[in-house]
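Colleague: In case you want the letters, here they are:
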Amino acid sequence: DTGVSQDPRHKITKRGQNVTFRCDPISEHNRLYWYRQTLGQGPEFLTYFQNEAQLEKSRLLSDRFSAERPKGSFSTLEIQRTEQGDSAMYLCASSSLSGRGKTQYFGPGTRLLVL
Amino acid sequence: GQNIDQPTEMTATEGAIVQINCTYQTSGFNGLFWYQQHAGEAPTFLSYNVLDGLEEKGRFSSFLSRSKGYSYLLLKELQMKDSASYLCAVEDNMLTFGGGTRLMVKP
Numbered sequence: 002d003t004g005v006s007q008d009p010r011h012k013i014t015k016r017g018q019n020v021t022f023r024c025d026p027i028s029e030h031n032r033l034y035w036y037r038q039t040l041g042q043g044p045e046f047l048t049y050f051q052n053e054a055q056l057e058k059s060r061l062l063s064d065r066f067s068a069e070r071p072k073g074s075f076s077t078l079e080i081q082r083t084e085q086g087d088s089a090m091y092l093c094a095s096s097s098l099s100g101r102g103k104t105q106y107f108g109p110g111t112r113l114l115v116l
Numbered sequence: 424g425q426n427i428d429q430p431t432e433m434t435a436t437e438g439a440i441v442q443i444n445c446t447y448q449t450s451g452f453n454g455l456f457w458y459q460q461h462a463g464e465a466p467t468f469l470s471y472n473v474l475d476g477l478e479e480k481g482r483f484s485s486f487l488s489r490s491k492g493y494s495y496l497l498l499k500e501l502q503m504k505d506s507a508s509y510l511c512a513v514e515d516n517m518l519t520f521g522g523g524t525r526l527m528v529k530p
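Line order of the protein sequences matches chains A and B. Its first residue numbered 2, the first sequence is counted upward by one per residue in the numbering used here. Its first residue numbered 424, the second sequence is counted upward by one per residue in the numbering used here.
Chain A extracted, bound-state conformation:
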């Protein structure tokens, strides 16, 4: 049974560069979520998809952040013109649609450091 996977696990970049992270959900899950977590805080919701449709994106932190899930399977999160304040752990989660299937299972995260 394959869980949620994320790539890369760590990313160091210079301020102003663009970065892209990938998430592969659990195969039978049709919902996929992105969260950001900073040290000592709980995860903060960014956006989510149901199949290929992005159902909520108003919580993306700025217009530098964008996400896609073109074929309803894997997803990418892109941050353009990175800033030092973007340094955080970026978590992806997936779930089914109803009942206890709505449990969100998290991937290992991508830790971003912007220098």
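Computed cross-link-like contacts, DSS-like style, restricted to lysine-lysine with a CA-CA straight-line distance of at most 25 Å:
#1 A/Lys12 with A/Lys58
#2 A/Lys103 with B/Lys480
#3 A/Lys72 with A/Lys103
#4 B/Lys491 with A/Lys103
If you are wondering where the hints come from, they were derived from the structure by calculation, not from laboratory data.
Given chain A, put chain B in place with the hints provided.
Modeller: Using the frame of chain A, we list chain B on its own:
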């Protein structure tokens, strides 16, 4: 608005019982989750409450009162490996998390 409160830190002794409380005021509510998170790792699912009452799963139990906006996570027979952060989250399509409770289990 969304407001989820839980204590920042707790300390307990190995073998003891600890209760971690969570209160919430949210605009939407479909259920309440508890997750465990070890330092540097992703959150892992512990429990899910939709209806009022107690859900028991081994050494872990979770309680929900929707009318009071209140939940707790009960950990019994504490082990050293239970030292972690415990996250309370309200589900309304997305998850809204509290800040987490860092639990330290001492010998």
